[in-house]
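Work out the full structure: start from the sequences and follow the hints.
Residue numbers (the numbering used here), protein chains in the order written: chain S, 643 to 1091; chain Z, 816 to 1355.
There are no misleading hints in this set.
Which residues of chain Z face chain S? A few of them, derived with a C-beta cut under 7 Å, are:
#1 Ile866
#2 Asn907
#3 Val922
#4 Pro924
For lysine-lysine, the following BS3-like pairs were computed, each having C-alpha atoms within a straight-line distance of at most 25 Å:
#5 Z/Lys904 with S/Lys1020
#6 Z/Lys888 with S/Lys1020
#7 Z/Lys1093 with Z/Lys1103
Covered by chain Z, according to a simulated footprint, are these stretches of chain S (three or more residues, beta-carbon under 8 Å):
#8 1003–1010
#9 1041–1048
Quick caveat, the hints were computed from the structure, so don't treat them as lab data. A virtual CB, placed ideally from N, CA and C, is assigned to each residue, including glycine.
Spelled out from the first residue to the last, the chains are:
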Amino acid sequence: MKNLKNIGILGVVIGALLLSGCFETEEIEITEGDDETQLTGPVYVSCGWSIDNNAINAVNEAASLVISEFGEKSPEYVILFSTVGYDSEVVLGEVNNFFPNAQVYGGTSCAAVITNDGYHAGEVGSLALLGVSSENISFGVGGADLDEEDSARAAGEKAIIEAIENAGKEGEIPAIVLITAAPGAEEEILFGIEDVIGKDVPIMGGSSGDNTIEGYWKQFVNDKVYSNGVSLTAVFTDLKVGSAFEAGYLVSENEGNITRADGRIIYEIDNKLAAEVYNNWTNGEVIGEALESSEGEITILSESTFYPLAKIFTDPDETVHYLSIHPLSVNLSDKRLTVFANVEEGEKIQLMHGNWELLLNRAQSTPNAALENGGIEKGEGAFGIYVFCAGTMLGIPEGERPMMPLLVEEAIGVPFIGTFTFGEQGYISEIGNKHGNLVNSMVIIGEEN
Amino acid sequence: MIIVSIISGTLILGISLAEQTSSMEENIIQHHIVVANVASQSIEAGYFAQIWPFETLKEISECESVLFWWVVKPDGEILRADDTAMWGKQINDESLGTSKTVVKDSVSPKTGENIKLIVHPLDIGEEGEQWTFYLGISLESVVDARNKMIVDGVGFFIVILIVVIFISFYFTKTVTRPITTLTEGAKAISQGDLEYNIKIETKDEIGKLADAFNKMSGKLKESRSKLENYSKNLEKQVEERTRELNEKITESKQSEAATLSILEDMHIIHEGLIKSQKRIKLQNIKLKKLDRIKSDFLNVTSHELRTPMSAIKGYVQMVMKQTLGNITEEQKKALNIVLRNTDRLDHLIQDILDISRLESGTMKFIPEKTDIKTMVKETVETMQSSADLKHITINAEIEDEMPELTIDQERIKQVIINIISNAIKFSPDGSIINVQAKKDKNNILFGVQDFGRGIPEDKQKKIFETFYQVDSGMDRKFGGAGLGLAISRGIVLAHGGQIWADSIIGKGSTFYFTLPLRSVVDLEEKFKEIDIFGLKPGGI
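So this is what it looks like as structure tokens:
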């Protein structure tokens, strides 16, 4: 009996050991990496951001970050991107308070802002500031209210003239122009700008956005907030300037000629109803059975993000450039297609396609292209401005969006500020300045001549 | 039993759980090694084109058991990770830069839980640089499953234990105790205690067994008592028998001498019998020899007689046909008489030949399928010409539906001809003869009826003997050798049939014979078995 008892105890012990299992563990040592972002001359740049629920606190927080890096110096130029969750008037006013001597340029961003510190999206709102001070750069911020001008073109003209004047560079042509405009008349604005500075100066930027496409967007021009305006920065510098303006989609075989159009409405492609042609090209993936109805209008903004149309430009070197335009809606009665950019009859268009992975990867390829175009090595830029179409941003799964600014930062290695826009403007080499949709762009100002 | 159950159950449970846990863990690890491989290949494919497989990496992150993934540069900087907060951080790990997959235990940098770390080489660097892909996987699912198995296993074990205890008690009560009681009872009975009564009052098989034991015990007691009585009686009988036996022994000694004398006489008789047997054998051999000589003589003589007979007949016919010259009417009449007598002699020789074949048992048969109706009709028609000489009419009554039989047609015709010939011979002028053939059970029955003088009853069997004639002696009226019916009998018997005669003196006779519907296979062999001369007891 005693022996049996002992055997029983032994058996329980063995079983417990088997059940419990034993692991040897190894812990991996993790340390902070080297911070490659350093404040160096001849361009002093610093970024700040905040997602505080209170607009004033947010500005305080962001501005404090900028100031902390600047030390005794003070930025003479500030870029402000903010979401519409904050009162733009309050935000700009507060920024002006912090930087009374700086020219302020910027506008509202859709849903979030980005800096080299990451992707910033707050419960109420988020904002980012980039402050610059350099003896090698002259900035001039100018703007115009489209509602108060005769035309969008006139507004553009007015804005650039004001910007050049504010830069103290009358009669000179800037190296690059940054633009933030209200959505709707970007092409005309561009024409107005080019009327002053010519077609060879890159005009880079995007249309300000809001969170719901309801017109809450704003543009910041020093101490003014416009709802339907344009904000420009004329940049005068001998430092290297690199820029890239890319869509990043794949080209399909489906193409056709716009045979009837008006402004941003395509009625017919190859003499066939535009929506039907588009539906055919996309195998019903975007419009689908809804096309069978003959009444009403449907929005296809979200679905068409991965199936944009593209304008085709061929430069003198026979290189073909595709500028994506975003289909917005379909009118079911006449099967017209409304897009986010102006189109013309006789213009050739082609279907593009992609996925979020492609769009996210642009966050590295486009900055790299900007570096290459400017002849700037990674880490040798001063600062950057990154514009990313809000539509494409929303097409990326929310959990993956924080990768975007990290990719940009990894590519350029310098402070930058970014915004999510409702249209993008940029310079296509040998072609000129264009307005497009679903595009991302990068501007990098170098530290060297 | 309970203790054994507990110990063995614990051991089995423990070992089983350990095995299953290990197996599950192994499966999970293998699966994630594949995942790491897929991720690495996707990264390698797009790296130089600056295309990161974010979609694939996102799917990997979304796996329940995946805690994190890192893409780590050769210097330990995390270039990419599922958590952007890890980008740019430095790691220090001995597996960094591995050229083959390593699986090891580690601790999650986020939660501190124990994890498995899969470290997989990533070929995206310059030559000499080895990047690494890290995949941290949680074994929580294994732990959860193991815990669940433990709970389920323990629960199941407890249930089984309760059942075992219950069954033990039940068996103890219903089986073990009664069997013990039975065993004790059987032991007592075997030791002679037939008064022992097994007290089990259950109604199951054990109860019945106990009952049977008790009855057996009762019977044994009874039998023992009878045996004892019998034994006593037996002793008395033995004494008596012994006395009787002694008396008989004395008597038997006296009769022994008489027996010896009888045995001597029997020996003498036996020797006489042996001598007689030898004599009979010798006589038998002589008889057989004589018989053979006689048959040979008959055969040879018949053949020797037939040859000159044929010559005589041939020349007589030639002379009668006036081939050798004209002859007178008187010469023709004389030659007719010669021809008739040569025919008679020829038939006689033929009969003698047949008899010799009968004796030697070598009659030849040629069996063939025969239409009975046609055969009988043809035979009757043949005999009608002979019947016409005495103005006798032969009627044939043959049943319509007659089957075909396999018989020696010529021999059966010979039988019918023999019988009809006799009928014509013994019928008065102007009478009728009826020939019948019909089915009779398994046979065909043939009958030939005449209205002649009849045959005495005591001779109705003898007429089938060789050379027997009803009317024998020097003054017999009808000729013939007396062989026809003997030959007919032999033929009918060889075919498996029977032959007999019915007759009334002064009124006529009917001769019958049968042929079986099922034909005899070997007629010649059958013929050899027939007692043609009626030598066996019982005669014809």
